[in-house]
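There are 2 protein chains.
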Amino acid sequence: MSAGLAISLDAMGGDHAPDMVVRGADIARQRFPQVRFLFFGDEARLKPLLKDFPALAATSEIHHADTVIKMEDKPSQALRGGRGSSMRLAIDAVQSGSAHAVVSAGNTGALMAMAKFVLKTMPGIDRPAIASFFPTMRSESVMLDLGANIVCDASNLVQFAVMGNVFARTVLGVREPSTGLLNVGSEELKGHDAVREAAAILRQANLPGRFHGFVEGDDLAKGTVDVFVTDGFTGNVALKSIEGTVKLYGYFLRQSFGSALLAKLGYLLARPALNALRARVDPRRYNGAIFMGLNGICIKSHGGTDAFGFANAIGVAVDMVQNGAIENMKRDFDQMMTIPGAVTGTAAV
Amino acid sequence: MSAGLAISLDAMGGDHAPDMVVRGADIARQRFPQVRFLFFGDEARLKPLLKDFPALAATSEIHHADTVIKMEDKPSQALRGGRGSSMRLAIDAVQSGSAHAVVSAGNTGALMAMAKFVLKTMPGIDRPAIASFFPTMRSESVMLDLGANIVCDASNLVQFAVMGNVFARTVLGVREPSTGLLNVGSEELKGHDAVREAAAILRQANLPGRFHGFVEGDDLAKGTVDVFVTDGFTGNVALKSIEGTVKLYGYFLRQSFGSALLAKLGYLLARPALNALRARVDPRRYNGAIFMGLNGICIKSHGGTDAFGFANAIGVAVDMVQNGAIENMKRDFDQMMTIPGAVTGTAAV
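Chains A and B, in that order, are what the protein sequence lines are. Counting with the numbering used here, you get residues 1 to 349 for the letters of the first sequence. Counting with the numbering used here, you get residues 350 to 698 for the letters of the second sequence.
To be clear, the hints were calculated from the coordinates, so they are not data collected in a lab. You may find that some hints are simply not true.
Listed below are the simulated DMTMM-like cross-link pairs for lysine to aspartate or glutamate, each with C-alpha atoms no more than 20 Å apart in a straight line [claimed, not checked]:
no., chain 1, residue 1, chain 2, residue 2
1, A, Lys222, B, Asp422
2, A, Lys190, B, Glu421
3, A, Lys74, B, Asp422
4, B, Lys596, A, Asp42
5, B, Lys423, A, Glu188
6, A, Lys74, B, Asp542
7, A, Lys247, B, Asp375
8, B, Lys423, A, Asp193
9, A, Lys190, B, Asp542
10, B, Lys539, A, Asp73
Some chain A residues close to chain B (C-beta under 7 Å, calculated; not the full set) [what the hints assert, rightly or not]:
no., residue
11, Ile150
12, Asn236
13, Tyr251
14, Phe257
15, Leu261
16, Ala270
17, Arg280
Here the structure is a predicted model, which is why all the values come from computation and not from measurement. Note that CB positions come from ideal geometry on N, CA and C, so glycine has one too.
Chain A on its own, in the form it takes in the complex:
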């Protein structure tokens, strides 16, 4: 690998690929001049696109891929038949050392299956998890798992807590992150066995930062803790509930302003403030879900995002590489191995 930092891109993944990927990379290039890009995809489409961005083209390579993983492909199909796909080759580049991280806006299930197969799960981790960060009343927090693991036991949750801790330090820049387990109440007796057992283990754990205990759904927006740990079913529903509510509120707000003349004038005067608000809750700012627990950095962008959102997903990848996320996680897991109940191999499947 040459000097600098290389990011491999699945140029064909996402609703607006490959244009959106190339434009997103160009935005990221301006923010991170030290980064080189490896585009994997249809050379005949990528070459003319890159011509419009000479500065990007100068720090990029195009690697032709014959096929594309479709959004409706099953993970098993992608694994079997997707060896020559843009997604697979982009992941392979991380495995071979040609790139430091991979970013794709393609099929989530296929990306997880292939990344797990190629990069392998880190020692001490039973299952990788999907993590993402979001705005809170306090600042920003991370939640995981967001859908990779539908049913989780206590060991899985404990491992997610370690991964989330590393994420908070690496990407959010929190030196001593606080961690909470999502539950239906804050009392020790609340919830099902998995959360209660995970809490018992985490109370003894020696992670950097503090274990807060149980937190509830409304703590997500409050930002009560830096790291929210939950199973993939609950996390997926909670995050999408929040995203949907932000959209609903924005819709109600527009309706309110549209309803009277004075309100319309008020809207014009307040527009800069409202634009600032919109930017603050803009889902594109929080684009970039991270597959945690693999021997390599793999970032999943929203499939429907635009170039601005995709550039932010690249930004997450750059943060993780520059702050040594993988090395931090390996070190923390070695420490965690001494905690009873958090040892690998005890987790049920």
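Let chain A serve as the given structure and place chain B on it in line with the hints.
Structure of chain B alone, referenced to chain A:
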């Protein structure tokens, strides 16, 4: 029972009881002049309070209760030691036929345990569920369970679907409600066994309305279906996530308007519109969670609500009584008994 409609009130439940309960009942009285109220609680405190509301006093009875269930009491404690409590006596009034429904802003777990013990679960239902309705982009929807059942199997979810269907017809006034099962994706293969099996059963079921299939977290705000069915863990986290996000957005909105002079002027002009928005997402408007599946109507108000919110919880009770919620549910359950997999007694505990 004398003519008209009687509601029994746990006058001592909630952070601001008994004042809030009395004031809330007076607001409800103006909306529902046909309703009589039975206050259960400390007579020495209630008598002077009711003096300030002569019209309310004229249609109310005070029944003295010696004790109060505290917010931190365990359900088992409440069951054993709470026989003379305001909460228990208010529930007993429904069982004895003195009242048509009970409303309490007290301890949720204790209320559920006592209501289940006194009113008993309806034939055909394994476990009662907590339901609530909320604003959506389309109109209003109901979700259940919201925390009574942390772990649910397919039969539980199917029974929740029937209860939610009745709720949508009775309280929301939807003649043919659509129903969806919360999941991490809309494809048939997504999710864990319980949701997949429940979906298979509901596809054959002959409920009034339509079974939509799987829905996701962002469908809650969209109002994709009238009835959202899920386990109590996921439902509790999702609803609180939404409530927290609404508060966060309001906070961001105030911050945006506070940041510049022109924005402040815009805020003044837009204030009526913003007040309308606030009213639209006001959690007090959606106060009143319903314990579904019991042989009687029991409504749980938020513990921290004010008189306006409590009056809305009473309104939900009145709607359910007037629209025959219990009779509807019994009839629907008789029909459901013919559906394979939805039969009572097959549910795991």
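Comparing the hints with the structure gives:
1. A:Lys222 with B:Asp422: Violated: lysine 222 of chain A and aspartate 422 of chain B sit about 27 Å apart, past 20 Å.
2. A:Lys190 with B:Glu421: Measuring from Cα to Cα gives roughly 13 Å; hence the hint holds.
3. A:Lys74 with B:Asp422: Judged against 20 Å, a Cα distance of about 49 Å means the pair is violated.
4. B:Lys596 with A:Asp42: violated, 46 Å
5. B:Lys423 with A:Glu188: holds, 12 Å
6. A:Lys74 with B:Asp542: holds, 19 Å
7. A:Lys247 with B:Asp375: violated, 37 Å
8. B:Lys423 with A:Asp193: Distance ~19 Å between lysine 423 of chain B and aspartate 193 of chain A Cα, so the pair holds.
9. A:Lys190 with B:Asp542: At roughly 23 Å apart (the allowed maximum being 20 Å), aspartate 542 of chain B and lysine 190 of chain A break the hint.
10. B:Lys539 with A:Asp73: holds, 14 Å
11. Ile150: Because about 5 Å separates isoleucine 150 of chain A from the closest Cβ in chain B, which is inside the 7 Å limit, the hint holds.
12. Asn236: holds, 4 Å
13. Tyr251: holds, 6 Å
14. Phe257: Since the shortest Cβ distance to chain B is 5 Å, the answer is holds.
15. Leu261: violated, 9 Å
16. Ala270: It holds, given that the least Cβ distance between alanine 270 of chain A and chain B is near 3 Å, below 7 Å.
17. Arg280: holds, 6 Å
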